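Asks: From first to last, the protein sequence lines stand for chains E and W. Counting from 1, one number per residue, gives the positions in the first sequence under my numbering. Counting from 505, one number per residue, gives the positions in the second sequence under my numbering.
Please keep in mind that the hints were generated in silico from the structure rather than gathered at the bench. Remember, it's a predicted structure, so these values are computed and weren't measured experimentally. Virtual Cβ for every residue (Gly too), placed ideally from N, Cα, C. One should not assume that every hint holds.
Unchecked claim - Here are the computed distance ranges between Cβ atoms for each label pair:
| hint | chain 1 | residue 1 | chain 2 | residue 2 | range |
| --- | --- | --- | --- | --- | --- |
| 1 | W | Ala-620 | E | Ser-491 | 21 to 29 Å |
| 2 | W | Glu-707 | E | Arg-186 | 51 to 59 Å |
| 3 | W | His-824 | E | Ala-155 | 49 to 57 Å |
| 4 | W | Asn-688 | E | Glu-47 | 45 to 53 Å |
There are 2 protein chains.
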Amino acid sequence: MMATRTVRLCRGAFAAPQRFKSAMPDAAPATETSDLPPGFRSSGHIEMKTAVPGPISVATIASIGKTNPIGSFLAVVDYEKSFGNYLVCADGNTMLDCVGQIGSLPLGYNHPALMAKMASPEGISASINRPTLGMLPPVGWDDRVMNGLMSVAPAGQTNVVTMGCGSTANENAYKAATITYMRNKRDGVAITDEEMQSAIKNELPGCPKLSIMSFHGAFHGRTLGCLATTHSKPDHKIDVPTFDWPIASFPAAKFPLADHVEENMAEVERCLAEVETLIAEYAASCPVAAVIIEPIQGEGGDNHALPEFFHGLRAITKEHGVAFIVDEVQTGGGPSGKIWAHEHWNLVDPPDIVVFAKKLQIAGYYHTDAFKPTMPYQIFNTWMGDPAKLLQTEVYVDMLEQDALLDNVTAAGDVLISGLQSIAQDFPEDVLNVRGVGTFCSITLSSPKLRDTLLAQCRSRGLLISGCGPASVRFRPCLYFNGDHAHEACSILGEAVGAAKAAL
Amino acid sequence: MMATRTVRLCRGAFAAPQRFKSAMPDAAPATETSDLPPGFRSSGHIEMKTAVPGPISVATIASIGKTNPIGSFLAVVDYEKSFGNYLVCADGNTMLDCVGQIGSLPLGYNHPALMAKMASPEGISASINRPTLGMLPPVGWDDRVMNGLMSVAPAGQTNVVTMGCGSTANENAYKAATITYMRNKRDGVAITDEEMQSAIKNELPGCPKLSIMSFHGAFHGRTLGCLATTHSKPDHKIDVPTFDWPIASFPAAKFPLADHVEENMAEVERCLAEVETLIAEYAASCPVAAVIIEPIQGEGGDNHALPEFFHGLRAITKEHGVAFIVDEVQTGGGPSGKIWAHEHWNLVDPPDIVVFAKKLQIAGYYHTDAFKPTMPYQIFNTWMGDPAKLLQTEVYVDMLEQDALLDNVTAAGDVLISGLQSIAQDFPEDVLNVRGVGTFCSITLSSPKLRDTLLAQCRSRGLLISGCGPASVRFRPCLYFNGDHAHEACSILGEAVGAAKAAL
């Protein structure tokens, strides 16, 4: 089903998630779709009245800034008026949203099924009676999990732990990995009293020296454990204490792939050898308990790698008893045209842990049976997510099936890639490396300055896209983004590249 | 207004939070209250039909356990049927809830004002259109923050950052502290390119060796940074790598206080001296950037300390340029009879950072102007909390005022403490150290086994309370828990102590 792409690094088909295994193998794309308001299926709704941010946004941002120090506000949004793929800002501008709240918008704005669910007695109760999900779960929680999260579980993943955001999900995945590493190392011997008593004081042997390996360019979150595995921008890490954990090279693919097969395979081999070397180097001082990787490095610049690299990583981690954690926080939930981007790798052995957040609305991680904690309450958090979000995950899963959203993403991605290729042909010196899978697409500009100018030019024309890495632009629309929206986006983007060049 | 207490370690009055400064100084307790359904004001609703957990809970927990490995489920709850202070479980038992979802239930179950807010178009939009709050906040976000979080900001706290849970709030508070420490150390000199380039690789000087000091018995969360400051139970920490950060003694008060003034003051001096020694010891290898402390150590066993200790800590941290972080995740939001438990200390200089979560529904931290980050996006998270929760914070603040909930808590706490004292008089060998402020009350049993048996005996009689520390029992009801509920709770508790003794 996948169309020709300039770069198609993620390809093939892994076993389909459980719910779709029986329901979808012979399914043709849906011919009937749900009755949706404007902006979900229809395009052409952009309407610009002011600059972005407009005067109302500017005033509100100044007002927010009086008590909020984070300095990252772009515009103020009228979410009640936003619809489908279109975001309406406080100044009344209607924009095509290809950022999707950093890829965390699954079903667009004000989806009727989500509205109905949250207006129901069940939805309101879930919103206002926030439970300790790990102690006193609500009636029906087992069904909610089976119909929602477990119905889209990656093949091989038999357990799921819910958390509040991607960072807490990764932090707890790291804990599951080190706890399992130590249990395996003990090989049936019970935890000693000395271990327990030293742990409470942050001392050996209870708090072991163990490391989580990550990759240059990676982004896995911003809490202290996650931050020790994040290497996309120094701004995230400067002046924050960290762990001395190993960092390996993410393979730098040369494009077009067809012209650089040998070089790219050599780069894969080099990077895999580096992983093995680091595992050996850290074995004595701070053994590697887990390797974490994104299927596509999002924040780091939409860096893709060959499936052969991931196959090699799975083999190496298995050989050394190291957990293989796949961070699908940004790639998961459908933007690649499959629910999980790692399905494109065709792995034989599944990952040990798969982390999710963003498009799933609830965060957490799946894992195999081998990664269960040793004791009750070892993996725990007061809230462990939010049942109101899991209700929305269930609606997301229903819409995925009812509206054939994965097919929609694949078809939209084909149009988007074609449009981006056409722009790259018009501006061969300026627009480079058209790449993507599904609508998880990006281009690289010839300079950071051109990229930043381009983003502003797009914004003023009613197209919201975002930067990643030093000079790239990424698309992260919702799952209803279709071919018409892709045409609309590319038409503006092409015009904006010309304007950005002229403005430099 | 505070009644005589066996232990009254938190006392006095700090400056009132902003909203209540003008509104409440002369206010008598409210005579008129909102029209509330049964269970908010009324007591006597306990009705037991089965053991807890009953057969439906047991079956559902088994079903949940097939895909959920955390092993900490107690019972399954029918939240739609629960009301006010009463929790209704899946088996139809109606129980008086003095746990309040580990102290995170501000307004009881199914409060009509919360229901109305979340059923409104604004509430539904906030639920389903989850924004990147740090980039594209909703219209009215500035008003939401001012009417909600900032209206109850502790005195001296001029900024607020929202996050998803207590752990992410503390993690980011640590970052705000180390970033500020390094900025102060640079004293106006710009960050160097070497610092930026080394930070991205987890190396010096960009990722400095800095530590966060905590206290034995503390609980600050379970992500890796937080866990390095948590020392309440080894189960939380075993097999997880950590930082070599200093841990100081939390003063062990001797009861009754009136009989041990000199010893208790000597203990305060000893612990403060230890803090100073540790700051000096770590100065060369891993300087202390912040000290974090709970006003009352909750998870660690409801350990109280004299205000003099906190005054001393504030003075020492100020002298050494170390951030003073007060973790009000469990104590904040009203259970002490003030919105913030540290208001009872009567500090002259406010804390540098105050962390909140639980009863506020949204999590985050307040801080003074000196702790603003250096660069945009330095403190950031995709979601930064959830606007649906901030709407609920606003309702919470409205009810706090409308229903005079702080007065209610203070009055209920007096009844509760009297009842607990009476039980302690009946069982002088078994029930020890009656203590508390507001309804944040606890007792210590003579053994962990008696405590655990007591909890089960209470549960079977329809009273939900929870353990903390090795042998203590804590009360964490919602803010509508009143004198009648306290009578009901103590009546069951007294009976259950006798039954627990007999059962041992």
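Asks: Now tell me, hint by hint, if it's right for this structure.
Replies: Here is how each hint holds up against the structure:
{"no.": "1", "hint": "W/Ala-620 with E/Ser-491: 21 to 29 Å", "result": "violated, 45 Å"}
{"no.": "2", "hint": "W/Glu-707 with E/Arg-186: 51 to 59 Å", "result": "violated, 33 Å"}
{"no.": "3", "hint": "W/His-824 with E/Ala-155: 49 to 57 Å", "result": "holds, 54 Å"}
{"no.": "4", "hint": "W/Asn-688 with E/Glu-47: 45 to 53 Å", "result": "holds, 48 Å"}
Going through the hint list in order, the structure does not satisfy hints 1, 2.
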